[in-house]
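The listed protein sequences derive, respectively, from chains A and B.
Residue 1 is where the first sequence starts when you use the working numbering, and the numbers rise one by one after that.
Residue 1 is where the second sequence starts when you use the working numbering, and the numbers rise one by one after that.
Simulated from the structure, these hints should not be mistaken for laboratory data.
Among the hints, a few may not be true.
Unchecked claim - Computed cross-link-like contacts, BS3-like style, restricted to lysine-lysine with a CA-CA straight-line distance of at most 25 Å: (1) LYS90(B) with LYS265(B); (2) LYS577(A) with LYS381(B); (3) LYS577(A) with LYS185(B); (4) LYS185(B) with LYS149(B).
Unchecked claim - Facing chain B, a subset of chain A residues (Cβ under 10 Å, in silico): (5) HIS155; (6) CYS300; (7) ARG700; (8) THR703; (9) ARG747; (10) PRO749; (11) PRO751; (12) GLU755; (13) SER757.
Quick caveat: nothing in here was measured; it's all calculated off a predicted structure.
The beta-carbon is built from N, C-alpha and C at its ideal position, and this holds for glycine as well.
If you want the building blocks of each chain, they are given just below.
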Amino acid sequence: MAAAAAAGSSPGSRPGDSPEGPEGEAPERRRKAHGMLKLYYGLSEGEAAGRPAGPDPLDPTDLNGAHFDPEVYLDKLRRECPLAQLMDSETDMVRRIRALDATYTIRKMKNDFRKMEDEMDRLATNMAVITDFSARISATLQDRHERITKLAGVHALLRKLQFLFELPSRLTKCVELGAYGQAVRYQGRAQAVLQQYQHLPSFRAIQDDCQVITARLAQQLRQRFREGGSGAPEQAECVELLLALGEPAEELCEEFLAHARGRLEEELRSLEAELGPSPPAPDVLEFTDHGGSGFVGGLCQVAAAYQELFAAQGPAGAERLAAFARELGSRYFALVERRLAQEQGGGDNSLLVRALDRFHRRLRAPGALLAAAGLAEAATEIVERVARERLGHHLQGLRAAFLGCLTDVRQALAAPRVAGKEGPGLAELLANVASSILSHIKASLAAVHLFTAKEVSFSNKPYFRGEFCSQGVREGLIVGFIRSMCQTAQSFCDSPGEKGGATPPALLLLLSRLCLDYETATISYILTLTDEQFLVQDQFPVTPVSTLCAEARETARRLLTHYVKVQGLVISQMLRKSVETRDWLSTLEPRNVRAVMKRVVEDTTAIDVQVGLLYEEGVRKAQSSDSSKRTFSVYSSSRQQGRYAPSYTPSAPMDTNLLSNIQKLFSERIDVFSPVEFNKVSVLTGIIKISLKTLLECVRLRTFGRFGLQQVQVDCHFLQLYLWRFVADEELVHLLLDEVVASAALRCPDPVPMEPSVVEVICERG
Amino acid sequence: CFPDTVLIYTLSTARALTPQTAETDAIRFLVGTQSLKYDNQIHIIDFDDENNIINKNVLLHQAGEIWHISASPADRGVLATCYNRTSDSKVLTCAAVWRMPKELESGSHESPDDSSSTAQTLELLCHLDNTAHSNMACVVWEPMGDGKKIISLADNHILLWDLQESSSQAVLASSASLGGKGQLKFTSGRWSPHHNCTQVATANDTTLRGWDTRTMSQIYCIENAHGQLVRDLDFNPNKQYYLASCGDDCKVKFWDTRNVTEPVKTLEEHSHWVWNVRYNHSHDQLVLTGSSDSRVILSNMVSISSEPFGHLVDDDDISDQEDHRSEEKSKEPLQDNVIATYEEHEDSVYAVDWSSADPWLFASLSYDGRLVINRVPRALKYHILL
Numbered sequence: 001m002a003a004a005a006a007a008g009s010s011p012g013s014r015p016g017d018s019p020e021g022p023e024g025e026a027p028e029r030r031r032k033a034h035g036m037l038k039l040y041y042g043l044s045e046g047e048a049a050g051r052p053a054g055p056d057p058l059d060p061t062d063l064n065g066a067h068f069d070p071e072v073y074l075d076k077l078r079r080e081c082p083l084a085q086l087m088d089s090e091t092d093m094v095r096r097i098r099a100l101d102a103t104y105t106i107r108k109m110k111n112d113f114r115k116m117e118d119e120m121d122r123l124a125t126n127m128a129v130i131t132d133f134s135a136r137i138s139a140t141l142q143d144r145h146e147r148i149t150k151l152a153g154v155h156a157l158l159r160k161l162q163f164l165f166e167l168p169s170r171l172t173k174c175v176e177l178g179a180y181g182q183a184v185r186y187q188g189r190a191q192a193v194l195q196q197y198q199h200l201p202s203f204r205a206i207q208d209d210c211q212v213i214t215a216r217l218a219q220q221l222r223q224r225f226r227e228g229g230s231g232a233p234e235q236a237e238c239v240e241l242l243l244a245l246g247e248p249a250e251e252l253c254e255e256f257l258a259h260a261r262g263r264l265e266e267e268l269r270s271l272e273a274e275l276g277p278s279p280p281a282p283d284v285l286e287f288t289d290h291g292g293s294g295f296v297g298g299l300c301q302v303a304a305a306y307q308e309l310f311a312a313q314g315p316a317g318a319e320r321l322a323a324f325a326r327e328l329g330s331r332y333f334a335l336v337e338r339r340l341a342q343e344q345g346g347g348d349n350s351l352l353v354r355a356l357d358r359f360h361r362r363l364r365a366p367g368a369l370l371a372a373a374g375l376a377e378a379a380t381e382i383v384e385r386v387a388r389e390r391l392g393h394h395l396q397g398l399r400a401a402f403l404g405c406l407t408d409v410r411q412a413l414a415a416p417r418v419a420g421k422e423g424p425g426l427a428e429l430l431a432n433v434a435s436s437i438l439s440h441i442k443a444s445l446a447a448v449h450l451f452t453a454k455e456v457s458f459s460n461k462p463y464f465r466g467e468f469c470s471q472g473v474r475e476g477l478i479v480g481f482i483r484s485m486c487q488t489a490q491s492f493c494d495s496p497g498e499k500g501g502a503t504p505p506a507l508l509l510l511l512s513r514l515c516l517d518y519e520t521a522t523i524s525y526i527l528t529l530t531d532e533q534f535l536v537q538d539q540f541p542v543t544p545v546s547t548l549c550a551e552a553r554e555t556a557r558r559l560l561t562h563y564v565k566v567q568g569l570v571i572s573q574m575l576r577k578s579v580e581t582r583d584w585l586s587t588l589e590p591r592n593v594r595a596v597m598k599r600v601v602e603d604t605t606a607i608d609v610q611v612g613l614l615y616e617e618g619v620r621k622a623q624s625s626d627s628s629k630r631t632f633s634v635y636s637s638s639r640q641q642g643r644y645a646p647s648y649t650p651s652a653p654m655d656t657n658l659l660s661n662i663q664k665l666f667s668e669r670i671d672v673f674s675p676v677e678f679n680k681v682s683v684l685t686g687i688i689k690i691s692l693k694t695l696l697e698c699v700r701l702r703t704f705g706r707f708g709l710q711q712v713q714v715d716c717h718f719l720q721l722y723l724w725r726f727v728a729d730e731e732l733v734h735l736l737l738d739e740v741v742a743s744a745a746l747r748c749p750d751p752v753p754m755e756p757s758v759v760e761v762i763c764e765r766g
Numbered sequence: 001c002f003p004d005t006v007l008i009y010t011l012s013t014a015r016a017l018t019p020q021t022a023e024t025d026a027i028r029f030l031v032g033t034q035s036l037k038y039d040n041q042i043h044i045i046d047f048d049d050e051n052n053i054i055n056k057n058v059l060l061h062q063a064g065e066i067w068h069i070s071a072s073p074a075d076r077g078v079l080a081t082c083y084n085r086t087s088d089s090k091v092l093t094c095a096a097v098w099r100m101p102k103e104l105e106s107g108s109h110e111s112p113d114d115s116s117s118t119a120q121t122l123e124l125l126c127h128l129d130n131t132a133h134s135n136m137a138c139v140v141w142e143p144m145g146d147g148k149k150i151i152s153l154a155d156n157h158i159l160l161w162d163l164q165e166s167s168s169q170a171v172l173a174s175s176a177s178l179g180g181k182g183q184l185k186f187t188s189g190r191w192s193p194h195h196n197c198t199q200v201a202t203a204n205d206t207t208l209r210g211w212d213t214r215t216m217s218q219i220y221c222i223e224n225a226h227g228q229l230v231r232d233l234d235f236n237p238n239k240q241y242y243l244a245s246c247g248d249d250c251k252v253k254f255w256d257t258r259n260v261t262e263p264v265k266t267l268e269e270h271s272h273w274v275w276n277v278r279y280n281h282s283h284d285q286l287v288l289t290g291s292s293d294s295r296v297i298l299s300n301m302v303s304i305s306s307e308p309f310g311h312l313v314d315d316d317d318i319s320d321q322e323d324h325r326s327e328e329k330s331k332e333p334l335q336d337n338v339i340a341t342y343e344e345h346e347d348s349v350y351a352v353d354w355s356s357a358d359p360w361l362f363a364s365l366s367y368d369g370r371l372v373i374n375r376v377p378r379a380l381k382y383h384i385l386l
């Protein structure tokens, strides 16, 4: 019912019904809410607001009054109020009832708290009582506690004193037992106290005792330290203990190093013994292994221990260690170098490079520890030096190989020819030499390439990445060798034995062809090979291929020129002898070609064959129609007589017209030693020119009888018959022979030339 | 001024050429012809420097074809020749001392056309013959002497003659000969102007030898001086011990006779036998060579000359710093080089020589009888003089 009344009776819920509107209603509701709280806290609304009390407290219809009678209230409402107001009242009532519910709960809680408060108060009282008791107990115990504390202090002190009094004996015992560490710890603990109380006689005595024992201890430690039988770690311990005993660090450093020196020197001595001349030295790899594990390992240990022990010594200590390492290191290096120097022989570098690698690698550890000693740098320097020496060695090796090849060729050339069985041909010899040299070069390249292998510890050093490749291998070894080869070859041109005996002409020819082949192909091949294997990365200028090729070509040219001279000289000498030794005035009428001319033709043919083995044919001038059929009528032709006309005319006035005619007739100058080209015809032309020019000059120095002249005619015709085919321009042979015969005619007081037909017949007869 | 060009004069086949040594004013050369069929002649070639023309006189030399000619250093009219004489199918090379007619001594200026008709004959003073020595290779006069001492080379003998009674009599003063196997034969010889003219050098085969004329003993010997026959040699006129030689190996070598193991310098410019080498009498850096490659080459061998730093200027000539600096520069040894190659000849050149009167002028003679007179290039001349 109340709910129903409340449902429709909220005056504020219908804004349209309320004349004041929501704004006017709100303060009223607030006031009501406040009123309820006031009600709860026992304050009357009127009191709280300070208003005079409104309704009569005895009013039975007052809902909040003590004398409220619901029946009266309801009757009153039913009677007095219209339905709408009833509905509002009901709604209002419901709301109030709800509020009353809450008010009740709070009131109940308030009651509970009040109860709790009381209990808390009781608790507080109890606690106060307990505290009081406790304080009383503490006060009773205080005195006793203080006494106990004091007793404990006395006890500790006594124990310390006992320790001190026992210290000498303990120390002695420790020393006897060898428990040095313990002893040092004891000593360390007592030191300060004893120091402090040394003015007390008893402590003084203890201190003195201790000092004596400590001194003994130190002495024993040093003794042990010196004896050295114990390894480095124990030694390090000794040093540590001695330092703890307050021994002077500097002295200890010295002693430590002196001791280490002793051990390292022993290592060095054993290394030196391995070097010794008499016992078969172990191979270099073993040697560097020994050195690496023995000496370098030892040095590392020493350095590590030193740095650990004497770190406090600061830069002075480090410097001392560096000096120590430098000195011993240099001795070690000296030994290594001596050993490496023994490795200079042989062409194989693999063992050496491995040894160097180990050596270098091994020294990187102390190098890092002892940067100041510069060991790693020194090691790198040694490796570089060895590498340089190896390059030099390989260059020497290549040179020796080249000379060896030449000796082989000489022997092959000098070997007596068994009849019917030809020795190795020149072409074959050339191929042998070329391939032999090439394989030597390749072997050397492969051998020095080991120095730059990636797995080798020093190959990334700047020297091996740059200078070694460009200046060392490319320039020093390869270019150097090719140059030296050219020089060696050229030296055959200036040999003192210019009479041709020293160097076999075939060797000159072979070398010339070899150099020419180098110029055309081999040099660029070798250099390309080198550049590929050794990627040259630095800025050093290198010899260009073209320069080297030009040098090789020049060498080839000089050799071939020299060959021409030598062979020309051989034939010249024959001709010269044949002219000089004969009595040309009283010679008989020619019946035959002189044997020497046949010999000249034979030799020339042999030379032609020899040159043909190595050089291409070359170009000839087109042959004239009469070719070899040319006869000797020309020698008595007007042309030749015209040339020496002044001799044939009585008295000697010069005819300038004649002179110009002569110049026209003989305008072509023959260069006797003209530059030789690289072909057979050019070589043969050169040789024949030299020979015939010699013949001419020799003839001019003799005087001929009629038959002497005729013999010259026959000889020259014979030469003409056989020599024209060898030369580039047969006209040349013809001109020279013409001149020989003309000169002979001039040197003949009675020049009656032989009939050309007779000359031909004699020559055809052979 | 005339250009450095050539003057060419042609006579018959010839090998022998010499300046008229005793003549120091006129440029005059003597050339001997070589003919088996006709009378041989000695042409006296006068070079008129001012007009750049040649005048000649001809003397008949009927004794035979002339292989070598040399003029007395003291008497302009006296000369010696080596000549061939053919008799009974034997050829003999003899030597004789001759006197030319007085009027030709200082040359004449007749035109060449007339000279043939007025060919005069030489007066024979004496033969240098000795029955034992029949092949005279050459005759050399004692330089700077009184023209009384003469050396002749015959086969393997070196003969020192004293010319007595106005050169009408030759007395063999002393002689020496080469021992050893084989047909040793002197090819050439020169008398050193140094050491009071007591040294002579000779060439035989590939060997050079020095002789002391007082004892006729060998002083030094350069074995294998050349690879082949040595054709000629000459002494440096201004520098003791220095000697040039040339030969069939186409080379010209310069020697210090105190150290005979190695030549001081070698030239290899010719392409055939070098027949002649001559030092300039005044400026010994100028060396002339003639070869059967038909070329004459003038070389400047300043580095081994007596003036390796060029012409030395007196100290008082240097007035200021700049001069001094230029002087410093010129102290660097100059470069040896070929000055010029003369190609006027068409046949082998067998003789070259400097004029005795003009140090800047030289003559060369080729087998075809062409005589060429050349001057040292003017630029070089001034370079040497200034």
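To see whether the hints hold, each was checked on the structure:
{"no.": "1", "hint": "LYS90(B) with LYS265(B)", "result": "violated (42 Å)"}
{"no.": "2", "hint": "LYS577(A) with LYS381(B)", "result": "violated (44 Å)"}
{"no.": "3", "hint": "LYS577(A) with LYS185(B)", "result": "holds (14 Å)"}
{"no.": "4", "hint": "LYS185(B) with LYS149(B)", "result": "holds (22 Å)"}
{"no.": "5", "hint": "HIS155", "result": "violated (106 Å)"}
{"no.": "6", "hint": "CYS300", "result": "violated (61 Å)"}
{"no.": "7", "hint": "ARG700", "result": "holds (7 Å)"}
{"no.": "8", "hint": "THR703", "result": "holds (5 Å)"}
{"no.": "9", "hint": "ARG747", "result": "holds (7 Å)"}
{"no.": "10", "hint": "PRO749", "result": "holds (4 Å)"}
{"no.": "11", "hint": "PRO751", "result": "holds (9 Å)"}
{"no.": "12", "hint": "GLU755", "result": "violated (22 Å)"}
{"no.": "13", "hint": "SER757", "result": "violated (27 Å)"}
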